[in-house]
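Visitor: Residues per chain are reported as follows:
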Amino acid sequence: MTTIDLVSYEDALASYDPVMGLEVHVELGTRTKMFCGCSTELGAEPNSQTCPTCLGLPGSLPVVNAIGVESAVKIGLALHCEIAEWCRFARKNYFYPDMPKNFQTSQYDEPIAFNGYLDVQLEDGEVFRVEIERAHMEEDTGKSTHVGGATGRIHGASHSLLDYNRAGIPLIEIVTKPIEGAGERAPEVAKAYVAELRELIKALGVSEARMEMGQMRCDVNLSLRPNGTEKFGTRSETKNVNSLRSVERAARFEIMRHAAVLSSGGTIVQETRHFHEEDGSTTAGRIKDNAEDYRYFPEPDLVPVAPAREWVEELRKGLPELPRVRRNRLREEWGVSEHDMQSILNAGAVDLIVATIEAGADAASARKWWMGELARRANEAGTDLAALEITPVQVARVCALVAEGSLNDKLARQVIEGVLAGEGDPDAVVAARGLAVVSDDSALGTAVDEAIAANAGIADKIRAGKVAAAGALVGAVMKATRGQADAARVRELILERLGVEG
Amino acid sequence: MTAELIKLTAAEIAAKIASGEVTAVQVTEAHLARIEAVDEKVNAFLHVDREGALAQARAVDDKRARGEKLGPLAGVPLALKDIFTTKGIPTTVGSKILEGWIPPYDATLTQRLKAADVVILGKTNMDEFAMGSSTENSAYGPTGNPWDLTKIPGGSGGGSSAALAAYEAPLAIGTDTGGSIRQPAAVTGTVGVKPTYGAVSRYGMVAFSSSLDQGGPCARTVLDAALLHEAIAGHDPLDSTSIDAPVPPVVEAARNGDVKGMRIGIVKQFRGEGYQAGVLQRFDESVELLKELGAEVVEVDCPSFDLALAAYYLIAPSECSSNLARFDAMRYGLRVGDDGTKSAEDVTALTREAGFGDEVKRRVILGTYALSSGYYDAYYGSAQKVRTLITRDFEKAFGEGGVDVLISPTTPTTAFPIGERADDPMAMYLADLCTIPTNLAGNAAMSLPCGLAPEDGMPVGLQIIAPAMADDRLYRVGAAVEAAFTARWGHPLLEEAPSL
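Listed in order, the protein sequences are those of chains A and B.
Letter by letter, the first sequence follows residues 479 to 980 of my numbering.
Letter by letter, the second sequence follows residues 47 to 546 of my numbering.
A hint or two may mislead.
[Unchecked claim] List of simulated lysine-lysine pairs, DSS-like, C-alpha gap at most 25 angstroms:
hint, chain 1, residue 1, chain 2, residue 2
1, B, K407, A, K570
2, A, K709, A, K655
3, A, K655, A, K570
4, B, K388, A, K621
5, B, K431, A, K570
6, B, K431, B, K442
7, A, K957, A, K888
8, B, K109, B, K160
9, A, K795, A, K846
Rather than coming from a laboratory, the hints here were simulated on the basis of the structure.
Here the structure is a predicted model, which is why all the values come from computation and not from measurement.
Whenever a hint applies, use it, and build me the whole structure from the sequences.
Guide: This is the structure:
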């Protein structure tokens, strides 16, 4: 691999102003494909979820998935877009083996949603408005696996395997207008935009938008222009940048690369670029010259889509609270800092905490358990919080048991461990493991007496008025009861037995 | 008995089977025997499904034996254009690129035929991908016109029209993108109908030009065409462009032929240079006949029709360039050059080079060019505007012009000799001059025999054109004309054809 000259990020920004365009593809979570009735379930045997239509067999025809259209309208509305009163699908013609018809059924000059915006919040709370050019409906392609080469790319491969299960899965492509004025924060804005869009998509319930599963894929287009100038520079298109962190890194890398080329008197080639996770770099892909011609024309096999205004308004009314607004509301309700809220968001804990509060827990406790003990366990297990075998209702019950004094934190952790191990609900774990706090005097009395007898020296000090020494005896009792004793009551009993006022 | 059975109309056959006078198996065997006897000369069929046809016929006989009610076409044999998919039966579209392909699914039309207990004898020859007017563009050799085997049977559905004229089947299915049902019907002395666009499902009909393609019935009589029309038409949720409305009462119309009090328009543009004298003579006689039958005949000006051919040869190739892109050797059909050393792109290119014929390549190249950036507006865009103008001409004629139907010759000339226009695409394209406007506007039209041209003794077709969703008018007018001509001639025109 040839080494790429870079200039430092600071030097790049000292001379140049970045302009970005972000194209995000979202796979919709519809049960069936965009133009046929095949399942969209992931992970099935290759080519088991195909039919004449999504295989492009001669004679087959597409039929539009109504849920796909509804999802597109919802996304458009949530992005403050105008919704087309009448729009058509178009054929994007190009040959590729994983595309069954050798055209992609997409939309061209009549997108279903256009002219919107998405406000994104940066980590310090600053809000940046990203203008949306359009959101349109299209279908995914199949998947090629190139076998026999060293890199997994087509180059050098001996043959390729084609899986058409993905062919025809509905996609919404969301394209921003040129993002200007972000300056040095451009990579951060790119990341925040994709993150916000992902939250939005999830909140709408139209897709799980899991980037690691390819359900959401991002292309980062970037160009530089000398500071103080208007005209856009030549852009590069970094394809398939598929994590939030990568979006930020790709933008940052391209800024440094472009600056190096431009400042040494070179010119940027308009090309696609591949992003490399390992080192955050990009390398050249296809040159995009004007020879690329998709010969778009209106899809004659489909009738136009004309979303009725009343229906659109109905969908608008049904939109959930936007994630950013909701997040700010929750942050205030919970009384946490921007930074803490960001951590909660990053941990994927917002909805879990909300559900735990709805199940009766107070905000501080809900947050404490999810962001503390449970986050630690998820981290250990290498899974998401949401994937843990414990429900918000169960966590709320643990909080309630602690609040009423039946459990202390140490016992609560054991209860959680039991729930996670599949031993049942918190109450069942408490009963089965015998974890209830012991505050019954007769049961504690014996343990206290034994502790006093075994630590006569300390007992004498306490009798002599050194009340602080009681802690050692409390510790001994707790040890003897394996932590189940109510520590406050133990202390009272010790002082009582020794005839000292607490 | 065989000789009698093959001359019967579909309606007669169905009645005889229903009454028990003959069995469906006897009828099918008679037609299979006829195919055996003459198709080596005619070459109407690409594939004869002997076993399947007999099995379908037996099922009809069993049904009758069980006392079940039989449909109006139960047990009637049919020749299916090889453009509709048939599960387990080869479907080639007349192309080498699909040689050996066995579809895993039935077209909606195929399913409907089976549901109506129609016996599918086999698949008929056609111009490759329905591109042509002579069936000479088939990769499997030309079909002969039963009136004169040295002449073309029309195209693209020449196999279907020839099968009817040669008494190999009483019913056939065609598809009409620019005239591929009507022009073959005209030159073989048979009846063919292009229904309103969207009337017959296109699901499972291999696409040539999606916005123009329309399947339809072919028969030897107007009533038979109507019976078949009714069996295959109707809404299909698998075809988004399918019309969700009741099928017009075509059978009732065919049973009540009448033109009294109708206003019939003659399209001024369909006359003049390039029209054979004998064709115009028979057309003029038809006009006189209609007047005698009580119709008012007026001349109608449709100026945009002069642009129809040009618009058609931009729209159809454009859509076909995209529709035919799927033939890439990856999933089905022919694969050439896959020797382990070539890239997928190379194999696709070699396969398309070897698998497509000249006319298909010509249109794919033409369409690719017309759609390319910088040319789209001038070509495809302009053609779509012409399409709108043509639709307006029709609307004007049927609307303020107050005509019920329009008439014209179906095609400017009678059947020409095989080979005569093979190297002259423009001459070939002119065969569809009168039929193309209807495809562009999406309305309905029929061709039926109106006599033989004196100069060559070959059949001439009369075209009747109706507004969209008024397909029944075709049958009302067609039945009246057919009855009057048959009475005048003393027999159906086809009886004048030489025996094979």
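Visitor: Run the structure past the numbered hints and jot down the numbers of the failing ones, going up.
Guide: Structure breaks hint 9 only.
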